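Trainee: Everything in the sequence shown is counted per UniProt numbering, starting at 1 for the first residue and increasing by one.
Worth flagging that the hints you see were computed from the coordinates, not collected in a lab. Quantities reported herein were computed from a predicted structural model and do not represent experimental measurements. Worth double-checking, as some hints may not be accurate.
Label-pair ranges, simulated between beta-carbon atoms [unchecked claim]:
no.	residue 1	residue 2	range
1	Gly504	Gly316	42 to 52 Å
2	Gly240	Ser365	31 to 41 Å
3	Ser267	Gly165	32 to 42 Å
4	Ser379	Thr150	56 to 66 Å
The beta carbon of each residue, even a glycine, is placed where N, CA and C say it ideally should be.
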Amino acid sequence: TDSGSVTVSSGGSLTDGGTLSVSSGGTLTDNGTVTVASGGTLTDGGAVTVNSGGVLTDGGTVTVNGGAVLGSGGTLTDAGSLTVTDGGVLNVDAGAVLGSGGTVTDSGTLTISSGGVLADGGTVTVGSGGTLTDGGTVTVSSGATLTVDTGGALTDSGALTVSSGGTLTDGGTVTVTGGGVLTDGGAVTNMGGTIVVSTGGADSGTLMVSSGGTLTDGGTVTVSSGGVLTDSGTVTVSSGGALTDSGVVTVNSGGLLTDSGALTVNSGGTLTDSGALIIDSGVTLVDDGTLNIDSGVSLSGTIDVGSTGALDVNSGGALTVNVGGTVSDGGTVTVSSGGSLTDGGTVTVSSGGSLTDGGVLTIDSGGVLTNSGSLTVDSGVTLADNGMLNVNGGTGVAGTIDVGSTGVVNVNSGTLTIGAGGTLSDGGVVTIDSAGALTDGGTVTVNGGAVLGSAGTLADGGTLTVADGGTLSVDGGAVLGSGGLVSDSGTLTVVNGGTLSVNGGSVVGSGGTLTVGSGGVLTDEGTVTIGSGGVLGSGGGLTDGGTVTIGSTGSLVDGGTVTVTGGGVLTDGGSLTNTGGALVVSTGGVDSGTLTVSPGVTFTDSGTLTVNAGGTLTDGGTVVVSSGGTLTDSGAVTVDSGGVLTDSGVLTVNSGGTLTDGGTLSVSP
1 TDSGSVTVSS GGSLTDGGTL SVSSGGTLTD NGTVTVASGG TLTDGGAVTV
51 NSGGVLTDGG TVTVNGGAVL GSGGTLTDAG SLTVTDGGVL NVDAGAVLGS
101 GGTVTDSGTL TISSGGVLAD GGTVTVGSGG TLTDGGTVTV SSGATLTVDT
151 GGALTDSGAL TVSSGGTLTD GGTVTVTGGG VLTDGGAVTN MGGTIVVSTG
201 GADSGTLMVS SGGTLTDGGT VTVSSGGVLT DSGTVTVSSG GALTDSGVVT
251 VNSGGLLTDS GALTVNSGGT LTDSGALIID SGVTLVDDGT LNIDSGVSLS
301 GTIDVGSTGA LDVNSGGALT VNVGGTVSDG GTVTVSSGGS LTDGGTVTVS
351 SGGSLTDGGV LTIDSGGVLT NSGSLTVDSG VTLADNGMLN VNGGTGVAGT
401 IDVGSTGVVN VNSGTLTIGA GGTLSDGGVV TIDSAGALTD GGTVTVNGGA
451 VLGSAGTLAD GGTLTVADGG TLSVDGGAVL GSGGLVSDSG TLTVVNGGTL
501 SVNGGSVVGS GGTLTVGSGG VLTDEGTVTI GSGGVLGSGG GLTDGGTVTI
551 GSTGSLVDGG TVTVTGGGVL TDGGSLTNTG GALVVSTGGV DSGTLTVSPG
601 VTFTDSGTLT VNAGGTLTDG GTVVVSSGGT LTDSGAVTVD SGGVLTDSGV
651 LTVNSGGTLT DGGTLSVSP
């Protein structure tokens, strides 16, 4: 028992095979060699100092109850058991080496100063109430373990390395700060503890998971502002675990980050994925900062982009939203050129949120994209819709929306704008509902089915094509306004209460069918060409103030009301049949209406044909007023040379009206 002062001089040696105790107030100074043999004990309640050149070798048990200093150049080799008890202090100074192949248990204070070394080749445990402060170098070798128990604390402002095969287990608190670096090439497991990567003054902390290394988080990992977490191995946020990023988290190429717990990118924080990021079902990644996707991300859970958040899918990046996966965008989502977003689950752009497609945006069958904010499809890129696109907000298309055979576009309360050079190609179903609007300044092609619902609006200032096999239906209360070109090679139907207005534009039917149903209205202030079949249903209306031409293979069957007025021209070069409806040729203000029946063409009137004052009917083909039909002339009716007018019904020329026969006029009894 040493209550005074014992010094082992340089070259000297002290071997303890029994019990050596340094009492309070006592000192043991080692400038030579002190050996605690197997079965021996060294208990320090005073002060033990291993100076430069000194060696303390523990093959038994060393207990530090007081203060111990491993001085510069000193070496403590632990092959037995080294315990720093509560209240005990062990300082490893610069240049000193604490080597452990045995067991180190710290319930007091173990400090590795700058330049000092703790080489863990056995077991190091920081117990409850204990602290291990690393300002130098701590290495956990292969097969060794470093454990921070509940209530224990490890602070790294130096270099803490977990080698391949080594293990760091945290149930307490691990803090990497002040320029400190924790390098994980082995296995770091957070068992309900806390790992904090933060700044310390001007310097930031760094947690590096090397290739082959693993970080498993079942507690809390926090990367504070200025802190850095770099993943080249495998990082797993387990169920119940949390990773909070207010600094910089980077998943390098070859690295993997799996979120089965809670992953949060705070405002000012950045998460960059250049490796692989997996978000499991039932969990949420909260993005209030910046999420950069430079490689593959598989989403079975939820990414919630807040109002301050940004999600950038950069060139080479690919975000795959799996079935059941969700992206909720209340901030900014950008798919850049070379990037891709594939939606097999649900993508929702909230009011105030925006999604810009400058790369490849695909809605898979079963996938849903709902825009209540802003959706932009850039020039030269394509949004492929094989699922469902709901437009509840502003959607601008300078590129292409390609609606596949299984695709659906619902323009609900929003506006879908096809800009100059933009294209909407519909091979599925496009529905414009009440309060919805589709504005076409580019090209809209209907290859499948399109419905303009009640009170919906389609304003065409570009080119609207109903292809062969395609169907466009204008429902009651809806308005299809054309200032551009509507080309119908399929089926264009205006049903009860619907309106097709041609205002300076044109509607061309080439092999298609134009049907104006009961209550439907076609108003022409431009050009309407009927190339194949046109049907005006009972109660339907066609008002011509522009030009309506029935081509050589075209036909218009009138069961409603056709009015040619105000300078309008209706030219029949095919077949015009009045099946009990009304055809009125009249003035509209200053200008008169004109109905022309071309040579070789037959117009059959089984209803009512009225040529009002100022109106003109020119017959160069054959006009037949059938039994039960009427022709009332208060304007000018002319039968040209070669023309035929046959009356088997009622032909009346009113006062002021003229009938000029330059061809053949036949009146049957």
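Trainee: Using the C-beta atoms of Ser267 and Gly165, is the stated range 32 to 42 Å upheld?
Mentor: Given a distance of about 39 Å, which is inside 32 to 42 Å, the answer is holds.
Trainee: Just tell me: holds or violated, for the beta carbon distance of Gly504 and Gly316 against 42 to 52 Å?
Mentor: With Cβ atoms ~47 Å apart, the hint holds.
Trainee: 31 to 41 Å was suggested as the range; check whether the CB atoms of Gly240 and Ser365 agree with it.
Mentor: 35 Å, holds
Trainee: Given the range 56 to 66 Å, decide if the beta-carbon distance of Ser379 to Thr150 lies inside it.
Mentor: 59 Å, holds
Checked against the numbered hints given earlier, the structure satisfies every one of them.
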